[in-house]
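J.: Sequence:
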Amino acid sequence: MSKRTIYSIVAIVIVCGIYVFETYLNTKEQDAIISKGKIEKDLTNLFFLPTSTTGQIVHHDGYSLSYSEPHEQPEWVAYELKESQLVNTNFKRPYFEIDDAVKTGAAHWSNYKKSGYDRGHLCPAADREFNYDLYVETFLTSNISPQKHDFNSGVWNRLEQKIRYWAKRYDGVYVITGGVLKGNMKVIGDERVSVPNQFYKIVMDYNDGNPKALAFLMPHHNSAKPLYHFVVSIDSLENLTGIDFFSELDDVLENKLEASSSYKNWHF
DNA sequence: CTGCACGAC
DNA sequence: GTCGTGCAG
Numbered sequence: 325m326s327k328r329t330i331y332s333i334v335a336i337v338i339v340c341g342i343y344v345f346e347t348y349l350n351t352k353e354q355d356a357i358i359s360k361g362k363i364e365k366d367l368t369n370l371f372f373l374p375t376s377t378t379g380q381i382v383h384h385d386g387y388s389l390s391y392s393e394p395h396e397q398p399e400w401v402a403y404e405l406k407e408s409q410l411v412n413t414n415f416k417r418p419y420f421e422i423d424d425a426v427k428t429g430a431a432h433w434s435n436y437k438k439s440g441y442d443r444g445h446l447c448p449a450a451d452r453e454f455n456y457d458l459y460v461e462t463f464l465t466s467n468i469s470p471q472k473h474d475f476n477s478g479v480w481n482r483l484e485q486k487i488r489y490w491a492k493r494y495d496g497v498y499v500i501t502g503g504v505l506k507g508n509m510k511v512i513g514d515e516r517v518s519v520p521n522q523f524y525k526i527v528m529d530y531n532d533g534n535p536k537a538l539a540f541l542m543p544h545h546n547s548a549k550p551l552y553h554f555v556v557s558i559d560s561l562e563n564l565t566g567i568d569f570f571s572e573l574d575d576v577l578e579n580k581l582e583a584s585s586s587y588k589n590w591h592f
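If you want this note's numbering, it's the position in the first sequence, counting the first as 1, plus 324.
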């Protein structure tokens, strides 16, 4: 074997080594991005975000929200739930923390203590179990409303489980949820957190080329009625809340989605 | 799954 | 205030 051949082989090995090493570094970097920021990246093009009536939209890695300072809770929380994100872990529940991203100051969890009301997640903790940081992130007080326990663990819990069922069946859905911050409401705690009299939830399936949306409006008390009993049109929710829900969508599609209160295309 | 209460530190 | 444990719908 000539010296020239040996030099060539050494050169090839070095080049290949560098290539493999760089590929390895890139892979590590991508893993880090996926584990911490994939959702955030997706949120940069959220086409389905509602308008804010309060002027304070906050983006977290796992969900976005519009905070109502007078009522010390979000007027809506929006997030995407993909089929691949439906996992069951057994994370220990952390303590609720004040959301520093809310510039007007989010409520303290002690407002709820011994109030008789649950700290009701709006983006459910169970929907962010695919990543521990995102799970913990749902335990911000900007993501909760006061809810009666029998409502939260009852009909509202049933609806949240149905959303997970649809996320699996339809390969991912968008979800918008919140309390209706209107009318006469009770308040709890030193910061006077409002207790909504109704809660709403909108679910959209965008994945099969024929988007469909469904809206629910529930009185703030438990019920044994079937979930479809609470279906309303998105238009009626907009009239009730003053929020414009799919303003970024094409008008024709927006009008079609929002006028309907039919649930015939949804499997219960 | 949805949560709270209580006692020890 | 934080943490572990127990209990309820």
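Heads up, a few of these hints could be off.
Calculated cross-link-like contacts (lysine-lysine; reagent style DSS-like; alpha-carbon spacing at most 25 Å) [claimed, not checked]:
| no. | residue 1 | residue 2 |
| --- | --- | --- |
| 1 | Lys437 | Lys492 |
| 2 | Lys437 | Lys427 |
| 3 | Lys486 | Lys588 |
| 4 | Lys472 | Lys437 |
| 5 | Lys416 | Lys486 |
| 6 | Lys438 | Lys492 |
| 7 | Lys492 | Lys427 |
| 8 | Lys486 | Lys438 |
| 9 | Lys437 | Lys506 |
| 10 | Lys406 | Lys580 |
| 11 | Lys549 | Lys492 |
| 12 | Lys416 | Lys472 |
| 13 | Lys486 | Lys472 |
| 14 | Lys472 | Lys549 |
| 15 | Lys536 | Lys438 |
| 16 | Lys437 | Lys510 |
| 17 | Lys416 | Lys438 |
| 18 | Lys536 | Lys580 |
| 19 | Lys406 | Lys506 |
| 20 | Lys406 | Lys416 |
| 21 | Lys486 | Lys580 |
| 22 | Lys438 | Lys406 |
| 23 | Lys406 | Lys486 |
| 24 | Lys472 | Lys406 |
| 25 | Lys588 | Lys437 |
| 26 | Lys506 | Lys492 |
| 27 | Lys588 | Lys549 |
| 28 | Lys437 | Lys486 |
Because the hints were derived from the structure by calculation, they are not lab data.
J.: Hint by hint, say whether it matches the structure.
T.: Each hint tested on the structure:
The suggested pairing of Lys437 with Lys492 is violated, with an alpha-carbon distance near 35 Å, which exceeds 25 Å. Taking the CA atoms of Lys437 and Lys427, the gap is about 23 Å. The hint holds against a cut of 25 Å. Between the alpha carbons of Lys486 and Lys588 the distance comes to roughly 15 Å, so the proposed pair stays at or under 25 Å and holds. The straight-line distance between the Cα atoms of Lys472 and Lys437 is roughly 13 Å, inside the 25 Å bound, and the hint therefore holds.
Proposed proximity of Lys416 and Lys486 is supported: the alpha carbons are some 24 Å apart, at most 25 Å. With a CA separation close to 37 Å, the supplied pair Lys438 and Lys492 exceeds the 25 Å bound. This hinted pair does not check out: Lys492 and Lys427 have alpha carbons roughly 36 Å apart, beyond 25 Å. Only pairs whose Cα atoms come within 25 Å are accepted, and Lys486 paired with Lys438 is rejected, the gap being roughly 30 Å.
Note on Lys437 and Lys506: the hinted pairing holds, with a Cα-Cα distance of about 24 Å set against a maximum of 25 Å. Pair hint Lys406 plus Lys580 holds up; C-alpha atoms about 24 Å apart against a cutoff of 25 Å. Proximity of Lys549 to Lys492 is assessed by CA-CA distance (about 24 Å); at most 25 Å being required, the pair is judged to hold. With a C-alpha separation of about 23 Å, the suggested pairing of Lys416 with Lys472 holds against the 25 Å cut-off.
As the CA atoms of Lys486 and Lys472 are separated by approximately 20 Å, the hinted pair is consistent with the 25 Å bound. Using a Cα cut-off of 25 Å, the hinted pair Lys472 and Lys549 holds, with the two alpha carbons roughly 17 Å apart. Distance restraint check for Lys536 and Lys438: the Cα-Cα separation of roughly 41 Å exceeds the 25 Å cut-off, and the hinted pair is therefore not satisfied. A distance of roughly 15 Å separates the Cα atoms of Lys437 and Lys510; the hinted pair therefore holds under the 25 Å criterion.
With a C-alpha separation of about 22 Å, the suggested pair Lys416 and Lys438 falls inside the 25 Å cut-off, and the hint holds. Distance check on the hinted pair: Lys536 and Lys580 sit about 9 Å apart at the alpha-carbon level, within 25 Å; holds. Between the alpha carbons of Lys406 and Lys506 the distance comes to roughly 32 Å, so the proposed pair goes past 25 Å and is violated. A hinted pair counts as satisfied when its Cα atoms are at most 25 Å apart, and Lys406 with Lys416 qualifies at roughly 23 Å.
At roughly 23 Å between alpha-carbon atoms, Lys486 and Lys580 fall within 25 Å of each other, so this suggested pair holds. Restraint check: the Cα-Cα separation between Lys438 and Lys406 comes to about 36 Å, which exceeds 25 Å; the hinted pair is violated. Distance check on the hinted pair: Lys406 and Lys486 sit about 14 Å apart at the alpha-carbon level, within 25 Å; holds. Between the alpha carbons of Lys472 and Lys406 the distance comes to roughly 29 Å, so the proposed pair goes past 25 Å and is violated.
Taking the CA atoms of Lys588 and Lys437, the gap is about 42 Å. The hint is violated against a cut of 25 Å. Proximity of Lys506 to Lys492 is assessed by CA-CA distance (about 33 Å); at most 25 Å being required, the pair is judged violated. A C-alpha spacing of about 18 Å is found between Lys588 and Lys549, which places the hinted pair at or below 25 Å, so the restraint holds. Annotation: proposed proximity of Lys437 to Lys486 is violated, straight-line Cα distance about 29 Å (limit 25 Å).
When each numbered hint is compared with the structure, violations occur for hints 1, 6, 7, 8, 15, 19, 22, 24, 25, 26, 28.
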